[in-house]
Amino acid sequence: MSQHRSQISIQGMSCANCSQSVSEAVESLEGVSEANVNFATDEGSVAYDPEAVSLGEVFDAIEEAGYDPVTDSVTIAVTDMSCANCSEAIREALEGTPGVVDADANFATDEAQVTYNPAETSQNDLYDAIEGAGYSPVREDADPDDGSGGDAREAARRDEIRRQLRLTLFGAVLSLPLLTFMVDHLLGLGLVGDGIAGVPTGWVAFALATPVQAVLGKPFYENSYKALVRNGRANMDVLIALGSTTAYVYSVAVLLDVIAGGTYFDTAAFILVFITLGNYLEARSKGQAGEALRKLLEMEADTATVVDENGTEEEIPLEDVAVGDRMKVRPGERIPTDGVVVDGQSAVDESMVTGESVPVEKGEGDEVVGSTINENGVLVVEATRVGADTALQGIVRTVKEAQSRQPDIQNLADRISAYFVPAVIANALFWGVAWFLFPAALAGFVDALPLWGLVADGPVVVGGGVSVFEFAVIVFASSVLIACPCALGLATPAATMVGTTLGAQNGVLFKGGDVLERAKDVDTVVFDKTGTLTRGEMELTDVVAFDGGSPVADGGGPAADGGQLAARERFTENDVLRLAAVAESGSEHPLARAIVDGAKARGIDVTDPVDFESVPGQGVKATVDGRAVGRTAERSSRDEAEPRGEVLVGNRKLLRDDGIDPTPAEETMERLEREGKTAMLVAVRGSERSENRDASGGQPRAEGEIAGVVANADTVKGSARAAVSQLRERGTDVMMITGDNERTARAVAEQVGIAPENVRAEVLPEDKSDAVESIQDEGRKAMMVGDGVNDAPALAVAYVGTALGSGTDVAIEAADVTLMRDDPVDVVKAIRISEATLAKIRQNLVWALGYNTAMIPLASLGLLQPVLAAVAMAFSSVSVLSNSLLFRRYTPDEEYRPLWRR
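Under this note's numbering, residues 1 to 902 are what the sequence shown spells out, in order.
Quick caveat, the hints were computed from the structure, so don't treat them as lab data.
Since we're looking at a predicted model, the values are computed, not measured.
Where hints are given, some of them may not hold.
Below, in silico cross-link-like pairs of lysine-lysine (DSBU-like), each with a Cα-Cα straight-line distance of 35 Å or less [stated by the list, open to error]:
#1 717 - 600
#2 717 - 520
#3 226 - 511
#4 600 - 328
#5 717 - 781
The following label-pair restraints were derived from C-beta to C-beta distances [stated by the list, open to error]:
#6 311 - 590: 51 to 59 Å
#7 375 - 31: 54 to 62 Å
#8 600 - 376: 38 to 46 Å
#9 228 - 28: 52 to 60 Å
#10 377 - 17: 49 to 57 Å
#11 667 - 615: 20 to 28 Å
#12 888 - 122: 35 to 43 Å
#13 602 - 311: 36 to 44 Å
#14 469 - 444: 13 to 21 Å
#15 170 - 378: 53 to 61 Å
#16 377 - 162: 41 to 49 Å
#17 169 - 378: 52 to 60 Å
#18 228 - 882: 28 to 36 Å
#19 92 - 888: 26 to 34 Å
Think of the CB as a built atom: it goes at the ideal place given N, C-alpha and C, for glycine as much as any other residue.
Given these sequences and hints, build the entire structure.
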């Protein structure tokens with residue numbers, strides 16, 4: 001058993017028990033022989049057998065124990081991948097590198113995504129691993145994740161396109177005379193004759209084809225050697241090298257009179273020219289597929305105007321902006337980096353991030369996203385995130401990671417590709433030998449097919465008779481060339497790349513191609529209520545004043561005495577609101593802030609309470625001055641000491657536990673709760689209860705009494721009903737989970753169109769994940785949509801977890817999909833993009849597999865020239881890429897329909 005030891009930095013440990021927990025979690029893994037964790041240094045040492053357990057599994061065990069192993073991630077551009085087998089070889093080489101936690105390579109993007117342990121390995125080690133596998137990584141001095149490395153990758157991509165173009169032109173110039181020889185021979189024109197300037201035609205063709213074979217064939221020979229010798233697997237380059245070399249070597253043998261037959265120098269050259277042309281077009285298509293992300297990064301501002309504390313302005317490069325710097329942004333300028341507005345008001349175009357074309361009004365205290373455009377007024381923005389931490393860089397990083405995490409359907413394509421090349425070579429050898437040994441039998445069989453026949457004296461390629469051996473060689477070359485699985489390898493990653501980019505352009509971020517695939521299968525969408533279907537901001541909606549237990553209109557009814565505090569002739573709505581606002585002014589709860597803000601909006605002076613107590617889950621108690629109630633004109637002229645009293649604001653239990661009967665307000669409370677509002681009772685209690693008198697006879701009153709009811713509501717988002725309606729039209733069940741009370745939950749559900757039986761109310765935060773699991777236990781595939789810390793566990797256990805972009809970092813981290821616009825309708829867009837992407841993948845796979853299925857028999861039966869096979873093979877990949885690029889025109893505002901269904 002081989003042993004490897006890794007040093008791991010671990011965050012989140014706070015005591016010796018933490019280090020013990022980590023050690024036990026890691027040592028429980030099969031293959032781990034020792035785990036030592038040091039709380040003092042925040043480091044661990046793990047000895048394990050790499051053949052029994054991976055470093056990724058060790059890191060997962062640490063995370064499941066509740067701690068954070070330190071990792072770095074990097075995107076590495078690789079310039080010479082030619083098929084899915086190449087990306088598989090690179091992935092295996094990276095995963096075999098000590099310190100690598102996870103690795104993926106994407107043939108469509110020509111990139112590898114690597115997560116590694118920085119305490120054990122470095123980026124140079126990763127570069128060396130890729131080179132060791134026989135491929136060429138783009139070495140970057142800058143951190144690839146901060147955006148600066150993109151220039152090197154883009155330069156490498158442009159260099160590759162130019163290189164392929166130069167090779168294509170070089171081959172085309174030398175091959176044109178060969179084309180003339182071919183046309184002259186096939187049509188019997190006699191223009192060339194037996195030679196040129198006394199040199200036989202065969203030797204002229206040899207002189208032209210040999211440089212093509214050497215220059216254009218060199219990359220294929222080198223890559224074939226790497227694939228077979230270093231990686232032990234055959235790839236596309238092996239097929240191309242076999243096909244072109246077979247035609248070339250056979251022609252040389254004929255030219256040297258070793259064997260009899262015709263020469264195929266033109267075929268050998270054309271194979272390489274057409275394949276290289278296909279590579280050039282493929283490289284251009286790949287560049288177009290990633291163009292949207294590059295344009296997104298190009299939108300970053302180059303400089304920022306920084307304002308110091310004296311008001312002095314200085315223009316500095318964007319990379320010099322630090323967190324806390326204040327930047328002045330004039331109309332028409334891009335906001336340099338993420339921040340918060342500290343001065344000014346303007347409309348900001350955020351379409352590049354959210355996909356929403358309507359500018360958003362921004363004022364003091366509002367957050368802004370870097371690279372968005374300030375439409376009008378001047379803004380002063382304080383930087384909160386810079387460099388790689390900005391939202392724009394995060395979007396690009398998320399999309400790139402998603403493109404590297406392929407759907408499960410890609411695993412099928414990779415498996416097919418891995419076995420396909422050896423099978424193709426075996427098939428070509430079989431038919432080549434069969435045609436050589438049994439030409440008459442096979443000729444008769446083919447002649448009987450409803451195609452075109454073969455002449456009586458032996459098999460022929462379309463266009464003229466040839467010898468049996470010569471024909472066997474042609475069958476072998478054609479069968480090898482036509483079956484290249486290049487298109488099959490591109491089918492999934494090309495569509496995934498476009499789909500994830502399309503999602504980002506519409507404000508939907510998928511964390512992986514696997515997520516993109518799963519979203520289409522969702523049959524139940526479970527919404528959190530607050531902040532998801534509703535705005536998440538409470539607003540004061542109702543104030544009801546009471547007369548000894550009965551609600552009265554503002555300005556009418558007898559006094560609600562309750563002690564010196566209520567020594568007035570009556571309570572008005574403003575009195576009740578003033579009492580509630582003063583009592584709640586000591587609380588930071590959203591319900592309290594809504595009451596205070598509502599009172600201030602009505603012009604009520606909100607003073608501080610004399611004393612304050614918060615009762616968790618019930619409300620608040622506060623001692624307030626008599627002036628908090630307000631005075632009539634007559635009483636305000638008196639000179640007397642301000643009485644004090646106690647005010648209670650909260651639910652029924654708060655009053656009941658304090659000896660005040662909430663029953664008189666029950667009808668009002670129920671009415672407001674049926675309307676989806678959060679109703680709170682306001683009660684008063686005097687400090688000198690013996691002096692409490694009612695308005696008519698001076699009889700003592702109860703020690704505490706209801707003064708009124710205030711209600712807040714979290715208003716439903718304008719698009720929530722449309723989102724639910726569109727989901728239901730698709731046949732998707734829609735449910736809601738909330739910690740709010742049953743009446744409020746049902747009222748909101750009714751407003752947005754969710755059936756009452758699909759509402760789960762009064763669910764504790766820690767029970768939300770259990771609720772989602774119970775839904776999925778019914779056989780459903782649920783998408784949970786939420787935004788808060790308490791939603792994170794439910795997002796993690798859901799089939800697809802979806803977080804709103806305005807939500808907490810914890811929720812976004814736990815989710816599979818992030819909706820940048822905070823719009824419930826984007827849930828529908830996410831599902832539509834998923835369905836459309838998978839439909840495009842299926843189209844590509846059908847095209848690639850159908851092409852091979854149709855062409856391999858034709859080549860095996862001798863009905864396809866090697867040159868035609870090379871042309872078809874080269875353009876099959878281009879066709880798959882072009883089909884994927886057409887997908888860029890799709891807008892998820894409507895269901896995806898292929899061209900033939902429109």
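Verification of the supplied hints:
no. : hint                  : verdict
1   : 717 - 600             : holds (25 Å)
2   : 717 - 520             : holds (25 Å)
3   : 226 - 511             : holds (33 Å)
4   : 600 - 328             : holds (32 Å)
5   : 717 - 781             : holds (25 Å)
6   : 311 - 590: 51 to 59 Å : violated (36 Å)
7   : 375 - 31: 54 to 62 Å  : holds (59 Å)
8   : 600 - 376: 38 to 46 Å : violated (28 Å)
9   : 228 - 28: 52 to 60 Å  : violated (41 Å)
10  : 377 - 17: 49 to 57 Å  : holds (55 Å)
11  : 667 - 615: 20 to 28 Å : holds (24 Å)
12  : 888 - 122: 35 to 43 Å : holds (37 Å)
13  : 602 - 311: 36 to 44 Å : holds (37 Å)
14  : 469 - 444: 13 to 21 Å : holds (19 Å)
15  : 170 - 378: 53 to 61 Å : holds (57 Å)
16  : 377 - 162: 41 to 49 Å : holds (46 Å)
17  : 169 - 378: 52 to 60 Å : holds (53 Å)
18  : 228 - 882: 28 to 36 Å : holds (31 Å)
19  : 92 - 888: 26 to 34 Å  : holds (32 Å)
The structure fails to meet hints 6, 8, 9 from the earlier list, while all remaining hints are met.
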